[in-house]
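Number of protein chains: 2
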Amino acid sequence: MELSSKILEKAVNEMALLPGIGKRTALRLVLHLIKQPAEQTQFLAEALQNVRQNLKFCTNCNTLSDYEICEICSNPKRDKRTICVVEDIRDVMAIENTGIFKGLYHVLGGKISPIDGIGPSQLNINSLVNKVKNEEVDELIFALSSTMEGDTTNFYIYKQIQQNEVKLSTIARGIAIGDELEYTDEVTLGRSLMHRIPFEHSIKNN
Amino acid sequence: MELSSKILEKAVNEMALLPGIGKRTALRLVLHLIKQPAEQTQFLAEALQNVRQNLKFCTNCNTLSDYEICEICSNPKRDKRTICVVEDIRDVMAIENTGIFKGLYHVLGGKISPIDGIGPSQLNINSLVNKVKNEEVDELIFALSSTMEGDTTNFYIYKQIQQNEVKLSTIARGIAIGDELEYTDEVTLGRSLMHRIPFEHSIKNN
Numbered sequence: 013m014e015l016s017s018k019i020l021e022k023a024v025n026e027m028a029l030l031p032g033i034g035k036r037t038a039l040r041l042v043l044h045l046i047k048q049p050a051e052q053t054q055f056l057a058e059a060l061q062n063v064r065q066n067l068k069f070c071t072n073c074n075t076l077s078d079y080e081i082c083e084i085c086s087n088p089k090r091d092k093r094t095i096c097v098v099e100d101i102r103d104v105m106a107i108e109n110t111g112i113f114k115g116l117y118h119v120l121g122g123k124i125s126p127i128d129g130i131g132p133s134q135l136n137i138n139s140l141v142n143k144v145k146n147e148e149v150d151e152l153i154f155a156l157s158s159t160m161e162g163d164t165t166n167f168y169i170y171k172q173i174q175q176n177e178v179k180l181s182t183i184a185r186g187i188a189i190g191d192e193l194e195y196t197d198e199v200t201l202g203r204s205l206m207h208r209i210p211f212e213h214s215i216k217n218n
Numbered sequence: 013m014e015l016s017s018k019i020l021e022k023a024v025n026e027m028a029l030l031p032g033i034g035k036r037t038a039l040r041l042v043l044h045l046i047k048q049p050a051e052q053t054q055f056l057a058e059a060l061q062n063v064r065q066n067l068k069f070c071t072n073c074n075t076l077s078d079y080e081i082c083e084i085c086s087n088p089k090r091d092k093r094t095i096c097v098v099e100d101i102r103d104v105m106a107i108e109n110t111g112i113f114k115g116l117y118h119v120l121g122g123k124i125s126p127i128d129g130i131g132p133s134q135l136n137i138n139s140l141v142n143k144v145k146n147e148e149v150d151e152l153i154f155a156l157s158s159t160m161e162g163d164t165t166n167f168y169i170y171k172q173i174q175q176n177e178v179k180l181s182t183i184a185r186g187i188a189i190g191d192e193l194e195y196t197d198e199v200t201l202g203r204s205l206m207h208r209i210p211f212e213h214s215i216k217n218n
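Those protein sequences? They're chains A and B, same order as listed. Residue numbering for the first sequence follows my numbering, beginning at 13 and increasing consecutively. Residue numbering for the second sequence follows my numbering, beginning at 13 and increasing consecutively.
Simulated from the structure, these hints should not be mistaken for laboratory data. Treat the hints with caution; some may be incorrect.
Which copy is meant is left open, so a pair is good if it fits within one copy or across any two.
Said to hold, decoys possible - List of simulated lysine to any residue pairs, SDA-like, C-alpha gap at most 25 angstroms:
(1) K18 x K171
(2) K114 x K145
(3) K171 x D128
(4) K114 x I189
Work the whole structure out from these sequences, hints included.
Below you can see the structure in the form of structure tokens.
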């Protein structure tokens with residue numbers, strides 16, 4: 013795609029480096045910005061630079077935060093001895109949005125995936141293992157995605173801490189609320205039968 | 013969507029102002045930038061500000077350009093008396109990429125569309141009409157999209173200049189090269205029959 017202007021071309025090329033944004037979309041976005049008031053572009057540029065320069069990783073749980081210790085970890089009302097292990101900050105947000113979980117998180121920053129060249133040393137596994145070994149944790153809840161990589165990561169962490177006294181659990185897999193049995197894949201349906209829960213228990217929580 | 017950081021939230025909100033980018037996509041893009049070297053964010057922010065501040069509209073044809081007069085208009089090899097009327101800078105790029113057209117362009121900046129509140133005064137129609145009235149033009153080629161709005165715009169311009177001696181043409185509509193007859197819509201097929209061209213002519217240009 014030949015552009016009529018070098019300045020435009022530079023902006024389009026930089027924009028097209030973002031994932032899922034091709035040259036045509038990048039051009040559409042840049043042309044949109046040109047039509048908007050100049051402040052919008054300025055605010056966007058400043059916000060992006062600010063986020064890249066000033067956003068911190070919480071030194072305790074590794075989630076993104078404005079401060080050294082994130083608002084969840086520094087909240088005295090949260091149960092510091094229950095830790096939910098997640099891949100990514102987006103999982104933290106998803107779980108926070110449920111309003112159900114009152115413990116802390118531990119963000120690994122990914123899953124063990126040899127095919128992508130990601131080994132345990134690139135993830136925040138050591139700090140998690142240390143928390144368990146220092147007996148700071150009562151329960152560890154694994155909430156990684158149920159893929160081969162997720163299971164491998166769970167198992168790797170399990171092997172590191174199996175000597176320690178800590179309750180381990182994983183989030184329940186099953187048929188989503190509102191979904192119909194006939195359209196559910198066999199693995200999920202099989203698991204949800206295998207891990208069936210007492211009926212009284214299911215009533216109580218509804 | 014509740015985010016764990018105000019800085020992050022600001023960047024996501026600014027990003028989500030772009031067309032076709034929702035909050036989730038915006039978050040994905042910002043998280044991607046955080047994982048990349050800081051220079052990438054800086055280059056993107058600078059390129060966007062640069063494009064917004066320094067990109068000019070060519071004073072002759074209204075296309076986007078680094079200079080007051082764009083490279084097409086200032087090119088002595090281009091035929092200055094043949095002008096192709098287009099909606100948008102993207103149309104200029106599309107036609108330039110064919111390498112067929114050697115005249116100049118005139119970018120209207122949109123189409124007359126009462127439903128969107130766009131009237132003739134918001135488009136660069138007057139400067140085009142003046143070019144014709146000052147007898148600077150031999151041929152005007154209409155290359156607007158063949159919609160109700162495109163046809164209205166064509167007709168509006170035609171009414172303004174019909175007293176002047178200028179050759180008017182529109183780009184050919186028909187079945188795209190490689191398309192099959194049976195899958196073509198009736199209007200296009202009908203038009204391509206109506207505007208059939210002499211066989212010898214079609215051979216000469218292949």
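Within, between, both or neither: how does the pair K114, K145 come out at a Cα-Cα threshold of 25 angstroms? within (22 angstroms within a copy, 75 angstroms between copies)
Have a look at K171 and D128 and pick one of within, between, both or neither, based on CA distance no larger than 25 angstroms. Within one copy only: 22 angstroms inside a chain, 63 angstroms across chains, cut-off 25 angstroms.
Regarding K18 and K171, is the shortest C-alpha distance of 25 angstroms or less found within a copy, between copies, in both, or in neither? This pair counts as neither: shortest intra-copy Cα distance 55 angstroms, inter-copy 37 angstroms.
Can you give me the call for K114 and I189, within, between, both or neither, at a CA distance of at most 25 angstroms? within (22 angstroms within a copy, 62 angstroms between copies)
Hint violations for this structure: number 1 only, all remaining hints satisfied.
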